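Chain B: place on chain A using the hints.
If you read the protein sequences in the order shown, they are chains A and B. Just so you know, the first sequence maps onto residues 4 to 309 in the working numbering. Just so you know, the second sequence maps onto residues 4 to 133 in the working numbering.
None of these hints come from the bench; they were simulated from the model. Errors might be hidden in some of the hints.
[Unchecked claim] Subject to a maximum C-alpha distance of 30 Å in a straight line, what follows is the list of computed DSBU-like cross-link-like pairs (lysine-lysine): (1) A:K32 / B:K40; (2) A:K42 / B:K5; (3) A:K291 / A:K173; (4) B:K40 / A:K42; (5) B:K51 / A:K283; (6) A:K32 / B:K38; (7) A:K283 / B:K38; (8) B:K86 / A:K283; (9) A:K42 / B:K38.
[Claimed, not checked] Only some residues are given here: those of chain A computed to face chain B with a beta carbon under 8 Å: (10) V37; (11) R48; (12) S51; (13) I57; (14) L61; (15) G63; (16) C67.
For clarity, every value in this text was computed on a predicted model and none was experimentally measured. The beta carbon of each residue, even a glycine, is placed where N, CA and C say it ideally should be.
The residues making up each chain are set out below.
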Amino acid sequence: MKNQRGQVILLLIVIMTVALAIGLSVVQKSLVDVSTASKVEQSSRAFSAAEAGIEKALTGTVNCTDCQYFSDTSSTIKQINTNSIPCVPGTTGCAQEAGVRQVAFEYPPLAKEEVAQVWLADPTATNLPVCTGGTYNICYTQSRLDVYWGNSSIDKAAIELTLVYYDGVKYTSRKWYLDQTTRDPVNGFRQVSCSSTTLISYIYQCKVTLGDNSYAGGFPLPTGLMLIRARLLYNNTSQPFAVQAGVACPAAAGSCTAYSLPPQARMITSTGTSGETQRKIQVFQEYKVAPPYFDYAIFSAGEIKK
Amino acid sequence: MKGFSLIEMLLVVVTVSTIVFLLASLPNAFLLMTKSKHLSLAREIASKQIEDIRATAFVNLINDTTEISDIRLNQLPDAAGAKIIADCEAAVCTNEENIKQVTVTVSWKDNNQLQSVSLNTFVGEGGINQ
Numbered sequence: 004m005k006n007q008r009g010q011v012i013l014l015l016i017v018i019m020t021v022a023l024a025i026g027l028s029v030v031q032k033s034l035v036d037v038s039t040a041s042k043v044e045q046s047s048r049a050f051s052a053a054e055a056g057i058e059k060a061l062t063g064t065v066n067c068t069d070c071q072y073f074s075d076t077s078s079t080i081k082q083i084n085t086n087s088i089p090c091v092p093g094t095t096g097c098a099q100e101a102g103v104r105q106v107a108f109e110y111p112p113l114a115k116e117e118v119a120q121v122w123l124a125d126p127t128a129t130n131l132p133v134c135t136g137g138t139y140n141i142c143y144t145q146s147r148l149d150v151y152w153g154n155s156s157i158d159k160a161a162i163e164l165t166l167v168y169y170d171g172v173k174y175t176s177r178k179w180y181l182d183q184t185t186r187d188p189v190n191g192f193r194q195v196s197c198s199s200t201t202l203i204s205y206i207y208q209c210k211v212t213l214g215d216n217s218y219a220g221g222f223p224l225p226t227g228l229m230l231i232r233a234r235l236l237y238n239n240t241s242q243p244f245a246v247q248a249g250v251a252c253p254a255a256a257g258s259c260t261a262y263s264l265p266p267q268a269r270m271i272t273s274t275g276t277s278g279e280t281q282r283k284i285q286v287f288q289e290y291k292v293a294p295p296y297f298d299y300a301i302f303s304a305g306e307i308k309k
Numbered sequence: 004m005k006g007f008s009l010i011e012m013l014l015v016v017v018t019v020s021t022i023v024f025l026l027a028s029l030p031n032a033f034l035l036m037t038k039s040k041h042l043s044l045a046r047e048i049a050s051k052q053i054e055d056i057r058a059t060a061f062v063n064l065i066n067d068t069t070e071i072s073d074i075r076l077n078q079l080p081d082a083a084g085a086k087i088i089a090d091c092e093a094a095v096c097t098n099e100e101n102i103k104q105v106t107v108t109v110s111w112k113d114n115n116q117l118q119s120v121s122l123n124t125f126v127g128e129g130g131i132n133q
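Next comes chain A alone, as it looks inside the complex:
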């Protein structure tokens, strides 16, 4: 018998391998596509449910778990939490007891020239600028106030602070322009040296204490404090801003309202679920904030005399 040599088997094996590889990859891609599309659809449902939770909470205080709001069970609102911030130590619902310094009121990161406003008197009070007369003093009356800003040693932010206070006769504002570096062209801002400070939510590049006269030129803090507004300047990235009471509330104090920033914002967190997918949305809602252009406009009830 003649020895026969050929290459058919080899070619057949190669062709089959290639065809199998192509076929398997197509099948795998189709399975991944379907799985991804299904997960994305669940994610959209969960996100819509989370938004629904935020909408519900914006109309009133809501705290619920497994909130049964939809008859269609393809998506549910797993949890809604509403917290008034900052809370006054020693008050109902506040985790802090009297005798400690109130935690800082930390604003969500601010873009360049975006304005943050922090109330130093109760914004819901009807008899401001009078702070007393009720059961407790409704204004922050201490002589020190800590201000924090920035989170980058490279993208250095300057800050414009506007303090509004009642001097006994009228509302008055006082401004500070602070910078952590020299600029070109020179801006004339007061130079402050900065060192990093960590609070609950963010790490801050700079801190100044208003009322601390050990700084060159001092930061005199008047009485009758109403609110403080801040605007970040020169920053290219959004950076955080915070204000904190400068002293601790004595344990023996009947109320800590005079030693604390009043509750003035709500942090609403809503979690929506669909299948195994969860989406969470957090909203920061502040009460009674004057728009940014108010800092540049003059409003007068009567004639303005030059």
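Only chain B this time, still in chain A's reference frame:
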């Protein structure tokens, strides 16, 4: 003696199996890819409707069931879409809050089987984007 060797038989079996596998799975695979593409498109159409409703002033949200108008529905076979706006149920909005319950549904047919995507949410007066 004429006949087939064992190696030849094995190779034929493997070859035929491969061809059968490819013929059986590839059409299904392409169908699945088309289905996932339609699912993604339907989800995007529904999400866009929700965003448009949020951008509408609350006073202009009328309780009604209306058809969705989106040019991308033409890319889905036998597609239809509806948005239902209704007052929040009394059992849910116990304080008579100004909230509308919104349901957007996009349906279409894949391989003669009815498919749908449905998104539920709330839109409140003074809420998101209001």
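Against the structure, the hints:
1. A:K32 / B:K40: 12 Å, holds
2. A:K42 / B:K5: Not satisfied, since the Cα-Cα distance of roughly 59 Å exceeds 30 Å.
3. A:K291 / A:K173: 20 Å, holds
4. B:K40 / A:K42: The given pair, whose Cα atoms are some 13 Å apart, holds under the 30 Å limit.
5. B:K51 / A:K283: Given pair B:K51, A:K283 holds - Cα atoms ~20 Å apart, limit 30 Å.
6. A:K32 / B:K38: 13 Å, holds
7. A:K283 / B:K38: 28 Å, holds
8. B:K86 / A:K283: 24 Å, holds
9. A:K42 / B:K38: 14 Å, holds
10. V37: Result: holds, 5 Å to nearest chain B Cβ.
11. R48: Status holds, d = 6 Å.
12. S51: Because about 4 Å separates A:S51 from the closest Cβ in chain B, which is inside the 8 Å limit, the hint holds.
13. I57: With a minimum Cβ separation of about 6 Å from chain B (threshold 8 Å), the hint on A:I57 holds.
14. L61: 5 Å, holds
15. G63: 6 Å, holds
16. C67: Constraint on A:C67 not satisfied, violated at 11 Å.
Violated hints, listed in ascending order, are 2 and 16; each of the other numbered hints is respected by the structure.
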